[in-house]
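Place chains C and S on chain X using the hints.
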Amino acid sequence: MAIIELNAVSKAYQDKTVLHDFSLVVEPGQRVVILGPSGCGKTTVLRLLAGFITPDAGTISIDGRVVAAANEILRSPEERHLGMVFQDLALWPHLTVEGNLEFGLKAQGIPRPQRVQRIQEMLRMVKMDAYVRARPAELSGGQQQRIALARALLLQPKALLMDEPLSNLDEELSQHLRGELLRLYERLGFTLIYVTHDRAEANDIATNIVCMRHGRIERSVPIEDFDTGQRQ
Amino acid sequence: MRTRRIILTAVTLFLAVVGLAPIVVMIVRSLMVDGGFSLEYYRTLLATERSWRLLGNSLELALLTALLSTLVGLPLGLLLGKTDLPFRRVFVMLFTLPLVIPPYITAVSWANVLGPSGLVAALWSEPMAQVGARLLFGLPGCVLVLASTFMPAVLLATLTLVRTINPRLEEAARLSARPLRVLSGITVPLIRPGVLLAATLVFLLALGEFGVPTFLRYNVFSVESFTQFSAFYNFGAATAAAVPLALLTFVVLSVEWLALRKKTQALRLTPDPGGTVVIKLGRHRVWLFALVGVLGAMLVVAPLLSLLLQAGSPGAYLRALYVVRDSLFHSLLLAAIGATGLTVLGFFVGYLIHTRALPFWGAVDAGTVLLFAMPSTVIGVGLIALWNRPTTNFIYSTPLIILLGYLAQYTALTGRITVAGLASVPASMEEAAASAGAGWIRRLGLIVLPLVKYALLSGWLIAYIFCLRDTGISMLVYPPGYDTLPVRIFTLMANGLPEIVAAACVLMIVTTVLPLVGVALVVRTRGRWAWQ
Amino acid sequence: MNKSIIATVTAATGLVAAVIAGLLACSSPGQRVVVYVSEDQVFSEPILRDFERDTGIRVMAVYDTEEAKSTGVMNRLLAEKNNPQADMYWANEPIRAAVLKQQGIAVAYRSPNAEGIPADFKDAQGYWTGFSARARVLIVNQTVSDKPKSITSYADPASKGRIVIANPLFGTTTTEIAALFMLWGDEKAKAFLADMKRNEVKISTSNGESADFVAAGQFGFALVDSDDAANRVKQGKPVELIYPDQGDNELGCFIVPNAVVLINGAPHPEAARKLVDYLLSPETERKLALSDAAQIPLHEGVNTSATVRKIETIKTMKTDYAAVARKMQEIEPLLKQWVGY
Numbered sequence: 001m002a003i004i005e006l007n008a009v010s011k012a013y014q015d016k017t018v019l020h021d022f023s024l025v026v027e028p029g030q031r032v033v034i035l036g037p038s039g040c041g042k043t044t045v046l047r048l049l050a051g052f053i054t055p056d057a058g059t060i061s062i063d064g065r066v067v068a069a070a071n072e073i074l075r076s077p078e079e080r081h082l083g084m085v086f087q088d089l090a091l092w093p094h095l096t097v098e099g100n101l102e103f104g105l106k107a108q109g110i111p112r113p114q115r116v117q118r119i120q121e122m123l124r125m126v127k128m129d130a131y132v133r134a135r136p137a138e139l140s141g142g143q144q145q146r147i148a149l150a151r152a153l154l155l156q157p158k159a160l161l162m163d164e165p166l167s168n169l170d171e172e173l174s175q176h177l178r179g180e181l182l183r184l185y186e187r188l189g190f191t192l193i194y195v196t197h198d199r200a201e202a203n204d205i206a207t208n209i210v211c212m213r214h215g216r217i218e219r220s221v222p223i224e225d226f227d228t229g230q231r232q
Numbered sequence: 001m002r003t004r005r006i007i008l009t010a011v012t013l014f015l016a017v018v019g020l021a022p023i024v025v026m027i028v029r030s031l032m033v034d035g036g037f038s039l040e041y042y043r044t045l046l047a048t049e050r051s052w053r054l055l056g057n058s059l060e061l062a063l064l065t066a067l068l069s070t071l072v073g074l075p076l077g078l079l080l081g082k083t084d085l086p087f088r089r090v091f092v093m094l095f096t097l098p099l100v101i102p103p104y105i106t107a108v109s110w111a112n113v114l115g116p117s118g119l120v121a122a123l124w125s126e127p128m129a130q131v132g133a134r135l136l137f138g139l140p141g142c143v144l145v146l147a148s149t150f151m152p153a154v155l156l157a158t159l160t161l162v163r164t165i166n167p168r169l170e171e172a173a174r175l176s177a178r179p180l181r182v183l184s185g186i187t188v189p190l191i192r193p194g195v196l197l198a199a200t201l202v203f204l205l206a207l208g209e210f211g212v213p214t215f216l217r218y219n220v221f222s223v224e225s226f227t228q229f230s231a232f233y234n235f236g237a238a239t240a241a242a243v244p245l246a247l248l249t250f251v252v253l254s255v256e257w258l259a260l261r262k263k264t265q266a267l268r269l270t271p272d273p274g275g276t277v278v279i280k281l282g283r284h285r286v287w288l289f290a291l292v293g294v295l296g297a298m299l300v301v302a303p304l305l306s307l308l309l310q311a312g313s314p315g316a317y318l319r320a321l322y323v324v325r326d327s328l329f330h331s332l333l334l335a336a337i338g339a340t341g342l343t344v345l346g347f348f349v350g351y352l353i354h355t356r357a358l359p360f361w362g363a364v365d366a367g368t369v370l371l372f373a374m375p376s377t378v379i380g381v382g383l384i385a386l387w388n389r390p391t392t393n394f395i396y397s398t399p400l401i402i403l404l405g406y407l408a409q410y411t412a413l414t415g416r417i418t419v420a421g422l423a424s425v426p427a428s429m430e431e432a433a434a435s436a437g438a439g440w441i442r443r444l445g446l447i448v449l450p451l452v453k454y455a456l457l458s459g460w461l462i463a464y465i466f467c468l469r470d471t472g473i474s475m476l477v478y479p480p481g482y483d484t485l486p487v488r489i490f491t492l493m494a495n496g497l498p499e500i501v502a503a504a505c506v507l508m509i510v511t512t513v514l515p516l517v518g519v520a521l522v523v524r525t526r527g528r529w530a531w532q
Numbered sequence: 001m002n003k004s005i006i007a008t009v010t011a012a013t014g015l016v017a018a019v020i021a022g023l024l025a026c027s028s029p030g031q032r033v034v035v036y037v038s039e040d041q042v043f044s045e046p047i048l049r050d051f052e053r054d055t056g057i058r059v060m061a062v063y064d065t066e067e068a069k070s071t072g073v074m075n076r077l078l079a080e081k082n083n084p085q086a087d088m089y090w091a092n093e094p095i096r097a098a099v100l101k102q103q104g105i106a107v108a109y110r111s112p113n114a115e116g117i118p119a120d121f122k123d124a125q126g127y128w129t130g131f132s133a134r135a136r137v138l139i140v141n142q143t144v145s146d147k148p149k150s151i152t153s154y155a156d157p158a159s160k161g162r163i164v165i166a167n168p169l170f171g172t173t174t175t176e177i178a179a180l181f182m183l184w185g186d187e188k189a190k191a192f193l194a195d196m197k198r199n200e201v202k203i204s205t206s207n208g209e210s211a212d213f214v215a216a217g218q219f220g221f222a223l224v225d226s227d228d229a230a231n232r233v234k235q236g237k238p239v240e241l242i243y244p245d246q247g248d249n250e251l252g253c254f255i256v257p258n259a260v261v262l263i264n265g266a267p268h269p270e271a272a273r274k275l276v277d278y279l280l281s282p283e284t285e286r287k288l289a290l291s292d293a294a295q296i297p298l299h300e301g302v303n304t305s306a307t308v309r310k311i312e313t314i315k316t317m318k319t320d321y322a323a324v325a326r327k328m329q330e331i332e333p334l335l336k337q338w339v340g341y
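Chains as they are written, first to last, in the working numbering: chain X, 1 to 232; chain C, 1 to 532; chain S, 1 to 341.
Everything labelled a hint here was simulated from the structure, so no lab data went into it.
Don't take every hint at face value.
Example chain X residues on the side facing chain C (calculated, C-beta under 8 Å, incomplete) [stated by the list, open to error]:
1. P77
2. G83
3. F86
4. W92
Label pairs and their calculated CB-CB ranges [as the list claims (entries may be wrong)]:
5. V221(X) x I441(C): 17 to 27 Å
6. P498(C) x D195(S): 53 to 63 Å
7. V294(C) x H214(X): 48 to 58 Å
Even for Gly, the Cβ is constructed at its ideal location relative to N, Cα and C.
Bound-form chain X, shown alone:
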């Protein structure tokens, strides 16, 4: 059964259509990369999935349940069990690394011993266990990335959404983090929906690629069928 399903979803902002009749099915364990230029609507897809905005038309289902329909939110963000890494990471500056990671676990009612254990495990996995008490402002760009990732994965989400997370980094760091992401994927086996405008990233990460332009899907193919040398 598909873990995520968008069915004929449309969204417009102030008379401008951002998403048009968008349909997408994501199977468990897939790494779907939505590729497209700025303004094509890819971030909107993520925000619709997360539940921050409401579709004008169509339905969105997660794990077989309809979570959103036309002008209706049926399940609020905290009930959808999704994880997300934002473009600017959105680490909470007033909390330590531990606080950032603990927030969601606390909110979900996980008791303290388990919280501590899971946080420790996750930090070890992303090799940041020395930085438990650090504040985000004290971390480097790459370190912040890892914490953002850790925070999103800690809640064992049904799917991980990533909104151009590496766009602010230099090439070397970006490649390194891509590797880390895949390594984590091997260990944890999550479903990934990754948005970017960078073809190299798409190539590295994807099992499936969805090309978008002007709010529509141009192509949706497995990575094997995607011609990497193809010029846009």
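Just chains C and S now, kept in the frame of chain X:
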């Protein structure tokens, strides 16, 4: 750069002469007894048990006011700034109303409700009325009036601050937590430094307030200074009485400076074009709306209504208008000119503080805030002491002295608003213009000013309101024949007919609110609020 | 583009300068007189407007506010001593006038209209002249059976818990107490104060408040100004006005006249003298007697209303106001202590 240095230094000097010189003169006077240096006034002041008792009263009043203002203002600000509560904008305007009218008018209207001949007395029994009167005329009444006056400061601060939070921070939290938890765990901690700043300001304003405690017969320290003036004709003692308040203001501001400033600046993120994350209230909408409505009705509508009822017929307004017409004209003119002067001065002061262009920027910042929190009595008498000489008669015997008083007391407002406005303009804007060869004046006029024009407009409006509502300074220094409306109403209260007084109060409120409403309509059609 | 900025700035500066110049030129051509007024604006302003109308001289006034809330028109006068702005001062009691004389701020002027005013109510050297007076009277609630006839009723044990008096640190109450000190001597006066304290006298913030308390029945009687009492009677409140100590060997009623003072170094002395004359005229006294001010004319034979007795029918307290002024300063610490300062 030299132009910049010269102009900013000139502005600082101007501020020093206008604002600080009067205070300095007064402090000097308080240290001179019969021509020689002496600490006599201070000795007498600090020796009496009464002084300490009054100081205690002042601190208690200020603390309770700040506390209540925050306890009400913060949640209200969150409700009105982050949810889909209906009629949010109307509520914001409603709750802000007491801030824009002279506090003693609010006190008068509450006396109309709770006083011996007020609404409650008429509607309820005699004992109830007695209880009401006893509550009003004393500490509870003062806290009520001052909290309803200054709570909007916390409310508006909260409203502004939640807009500066990066929405992503709240969205990231929304992925795992309910809206209320996001508020308590993320939103409130992020705006806490700014809210504390606002609360501190409320504390200081309540500390220096004397009109309301005098009217409601609660003895506070600021009244002492006033009493020294009026009953005992003792300038030196009066300033000595004002100095502890000035000192306290200074100390509190220093604490704020050291502890909170850094935090607030670190968290000052640019307003996101996506706007703030709105919490849908769902089924809670109805009862929350009712709650806020009742609060608004009790806090704002009831006293205002009592004024309207007291005024009675349209005839009363006509008569009041006839009686106060000159003062009204004076007020409008002076407030408009004062606001303009304050906007200009505030712009340069704000620019100086924001860019730290000169080494003494910190002193300027602290100085303006100190002047703002200073009791108006001190500034007023300082003005007289400084300017009442034959050579400066052209200032002293004309409305110019009132304007100088406004500039001294209220520059902090426009200065800080400019700083806030400049904060959302990336430094790169000015730098780009500079590297393109534009001189400072040109950069200011063509790049910076257009980018902060909404902030400047807000600043003008706020300055206008504060100049219009000013009572303390105007009362002390107005030249013969040139009284302002709040002063006129004050003298009317002595023996005027209650309906005329009430009608005049209503006129005062309308005069203040009208331009705000006008601007709100204009700005709304352009799709933006002035504080964005 | 630089030019357009300069043009805008110049235009703005020009506008501002024009406005400021306009403000400075507030002085319109023609005669003017500057008067500081302690009498309630509601009563004094109409008189001053009449003066303007009758003489064509423009009146620029600064008004006082209520007693303790006073911004101190007096303070302005004292502060401006070396550079007087005011031409004359309309005091609502003669003590302030006496203080001004002491401080060298007043200058002597004997108005022709001062002739009809009894010597008791003007300065011997002509530094101030009294007119339109209030009397210090007892306002008594009608439910009180044994009506007080003297201010010494304050010391009567039967009055315990039923008396109120305005704060003796301000206004006419201070003056009267100082006068008592003069007439009775320190011992007797101090004892009187002590007796009042023993009788749990309540201290109100003003005479008006005292009158309201008595009218509302919270207290039996209070010593207030005659206009406060007269107005409550006029409003139909259940009170009556009693002139105290009218018996043959009794103190008499304390009289508080308004007073006009010409300021030393006044910018417009001639216009000031005209205003002084106008205020001291029987006509002005008539207006003030018939208005809500309910003030007692000091010229004989001036028409008054029913609630305002003529001065010749009242037994008045013999008062040397200048001496009272000095006594006031003397007993200030004592009063402060008595009030609880």
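Do the hints match the structure? See the list:
With its C-beta approaching chain C no nearer than about 4 Å, P77(X) sits inside the 8 Å limit, and its interface hint holds. Satisfaction of the interface hint for G83(X) is found here, the shortest Cβ-Cβ separation to chain C being roughly 7 Å, below the 8 Å cut-off. The beta carbon of F86(X) comes within 5 Å of a beta carbon in chain C, closer than 8 Å, and the hint placing it at the interface holds. Because the beta carbon of W92(X) sits about 6 Å from the nearest beta carbon in chain C, less than 8 Å, this interface hint is met.
Roughly 59 Å separates the CB atoms of V221(X) and I441(C), a value that falls outside the hinted 17 to 27 Å. Here the CB-CB span from P498(C) to D195(S) is close to 37 Å, at odds with the stated 53 to 63 Å. For V294(C) paired with H214(X), a C-beta distance near 50 Å keeps the hint of 48 to 58 Å intact.
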